[in-house]
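Peer 1: Read off the chains here:
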Amino acid sequence: MVLVTSVRDYINRMLQDISGMKVLILDSETVSNVSIVYSQSELLQKEVFLVEMIDSISVSKESMSHLKAVYFIRPTSENIQKLRYQLANPRFGEYHLFFSNLLKDTQIHILADSDEQEVVQQVQEYYADFVAGDPYHFTLNMASNHLYMIPAVVDPSGLQRFSDRVVDGIAAVFLALKRRPVIRYQRTSDTAKRIAQETAKLMYQHESALFDFRRTESSPLLLVIDRRDDPVTPLLNQWTYQAMVHELIGLQDNKVDLKAIGSLSKDQQVEVVLSSEQDAFFKSNMYENFGDIGMNIKRMVDDFQQVAKSNQNIQTVEDMARFVDNYPEYKKMQGNVSKHVTLVTEMSKLVEARKLMMVSQTEQDLACNGGQGAAYEAVTDLLSNESVSDIDRLRLVMLYALRYEKENPVQLMQLFNKLASRSPKYKPGLVQFLLKQAGMEKRTGDLFGNRDLLNIARNMARGLKGVENVYTQHQPLLFQTIESITRGRLRDVDYPFVGDHFQQGRPQEVVIFMVGGTTYEESRSVALQNATNSGIRFILGGSAVLNSKRFLKDLEEAQRISRSGSHMV
Amino acid sequence: MATRNRTLLFRKYRNSLRSVRAPLSSSSSLTGTRSGVGPVIEMASTSLMNPNRSYAPVSTDDPGNSSKGAITVGLPPAWVDVSEEISVNIQRARTKMTELGKAHAKALMPSFGDGKEDQHNIESLTQEITFLLKKSEKQLQRLSAAGPSEDSNVRKNVQRSLATDLQLLSMELRKKQSTYLKRLRQQKEDGVDLEMNLSRNRYRPEEDDFGDMLNEHQMSKIKKSEEVSVEREKEIQQVVESVNDLAQIMKDLSALVIDQGTIVDRIDYNIENVATTVEDGLKQLQKAERTQRHGGMVKCASVLVILCFIMLLLLILKEIFL
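Residue numbers (full-length UniProt numbering), protein chains in the order written: chain A, 1 to 569; chain B, 1 to 322.
Note that these hints are calculated values from the structure, not bench results. Yeah, the Cβ is synthetic: ideal placement off N, Cα and C, and Gly gets one too. Don't take every hint at face value.
[Unchecked claim] Listed next, the stretches of chain B that the computed footprint assigns to chain A, with coverage defined by at least 3 CB atoms under 8 angstroms from CB atoms of chain A:
(1) 151-164
(2) 168-181
(3) 260-272
[To be verified] What follows is a set of in silico ranges between Cβ atoms, one per label pair, in the way DEER data are often shown:
(4) A:V301 / B:T3: 43 to 51 angstroms
(5) A:D319 / B:L108: 32 to 40 angstroms
(6) B:R21 / A:R214: 24 to 32 angstroms
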């Protein structure tokens, strides 16, 4: 609730003190921040009758001085330039400027200089600089997410930009929560270390006064970790509703774009919204697995058919009156039912076409169970299978390589060759690049449960007991990290504190930021953990929300840049 | 949630830069009053929409500055008056609805009088409210704008917001009416039952005067049930009428009102759509312009006009030479 509520509160405060007809002006990033928590009808209630992007606002020359302009933008240099021009030629009666992060004094100076007409009424910093998709999950929607994999020497300015954006986002989250945390980071990741140190500098030195909040008995914890410590989770195919939609179709800002599927009939919805805040069915089913969802949807359809039948059976005048009264509810229910049915149908079709049941079983085995020989056989078989798509083949080989990196290098080589011969679009060396980035030496955590004695024992016990559902047996590494934090046993060696920070006992609030992006499987772990009311509240955030396509794209981009970088050197 | 106000710093910079820019002008006093004028006007305006009528003082100092007075007169466009009228009507309807609620409650209370006066009051109030709603709905249609422009988006959004208010009001009215009728019916039934019981009780001890008494009681019972059925018919008629009226309003409004929770209710979807419709509109306009220019109609018309002139000329020549 916490993240969504804070962004909504910011927007409410922005709009409520300004009376009269307003126009809301956003930039390409804040439009996601706002759209995901605030609906158009709510804006209309607050008398905001026009919403525009800062890029297109200067195109038209109409003067609309009966409107008051409310700007909500990020304080980037491009936005400041655009704003300069718009202030010098104002179109609206009043200008109220809200920035989603910290302004530099020079920027304020520039704006003051261009405000010759003195139309600006207020300049505020409202720190809603993150996309709050779910109550405990946020993202920064960064386009150049791949920069975290590139060492500083190759592209120092790119890495600096990446780091700045992440630090801004994390700072905004803590300002919205009104907390100042103790910071820890993953030792093996340079990017995580850099981000952790810069965040500490911002919160404790540069803007120390701003972050000086009322101290609670135990400081919250900010843990900065690297995606590369767990490359397995984004590669796996998912079977719980929200994660599955993102993996198979794609979920952006809680919207699903069905255009890409292409097999829809004319009158069906092309874009749908999947938001746990607005859709009760989705809220209760977003973490359920595919089989259970099917049953729940069938139940929903049956209920709806009952209602529809009773609506058709209009005999008395009272029935008529009741129908007219309940019509809006009925229409809403109909829209919701058709949305979920469409989604599940499309996903079933994709599962069938790509033979994902078969592929996913092998994937889960690779991720969770042992047996190199059997694994090799299974992967080879699937590589030879014609109906398996290229991306699935690539994922299988990657998972195998991550698991059995050191065992039997000959067979590994054979798999690489087979992959290259089978998949024409496969860029050679991608799997090796992945191993270089996220191989055994680079990882801190016990990804496969075969380092720590306790984990080995646990795995054996699980193998003996058998699993409930073969397809959802994987637990992301994040789950183990959360467990360690809950028990107060997060190792200092692996996750050191920044500077001279120290924390006694367990924190009550933890924000985990994953550099490189989170997945919906991990946000599900966090949500389920929070539901157990263990006394610690976890919030998860990342630079993007990954599915296997996005993760592979980031890898390819990083590989391309590394190659060209090494050529230049 | 933390915020930080940078307005003071901004104003400080602005003032210092202003004095640097125009050190000799007396604009500082004028701009000082200007910020005072704004809020006063806002407080004076009591309309629901409360548009910002900011009348900036005409600058009497350097003519160089006044050239930038693009926002000196901030009068809103004409359609804002229509929307203001609609919101005033909605407000009136709301107050009448509370009155109606009170009248309903009064009519339902047991009274000694006939209750016809209360009925009349209720009927007139209901009619007034329905009339207001219908009028507002017609005016709402007038707000629809032609052509894609920023102003038309504002109009569309104002229309949507008013349509939502109207729809809520009409649904409220429906609910109030139906609960009132239900309670009324219940009361009548109780009343009739009570009377039936009373008549039955009276009937018992007078069993011996069978013949006449029976006929009389039967006749009165028949008459009573007739009255009841006539009243019920009238009520049903009323219900049907109001269902019709309001169903019509709701049908028209549902085209305008946004379905909450769907993609249409997303801000980013609306921005993208606006962009594409504006582009499409522009393309269509350009196409229309092109076809019009090269249109056959224009050529035909010009040819005909030329012919007319030639004929006229021939006629005149004929007159001259004959």
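Peer 1: Work down the list of hints and note, for each, if the structure agrees.
Peer 2: Okay, the hints, checked on the actual structure:
For the segment 151-164 of chain B, the stated coverage by chain A is satisfied: 8 residues place a CB nearer than 8 angstroms to a CB of that chain, which reaches the threshold of 3. For the segment 168-181 of chain B, the proposed coverage by chain A is satisfied: 4 residues have a C-beta within less than 8 angstroms of a C-beta in that chain, meeting the threshold of three. Beta-carbon proximity to chain A at under 8 angstroms applies to 12 residues in the segment 260-272 of chain B; the threshold of 3 is reached and the given coverage holds. For V301 of chain A and T3 of chain B, the Cβ-Cβ distance of about 46 angstroms falls inside the hinted range of 43 to 51 angstroms, so the restraint holds.
Look at D319 of chain A against L108 of chain B: about 24 angstroms separates their beta carbons, and that is not inside 32 to 40 angstroms. The hint said 24 to 32 angstroms for the Cβ distance between R21 of chain B and R214 of chain A, and at roughly 43 angstroms that hint is violated.
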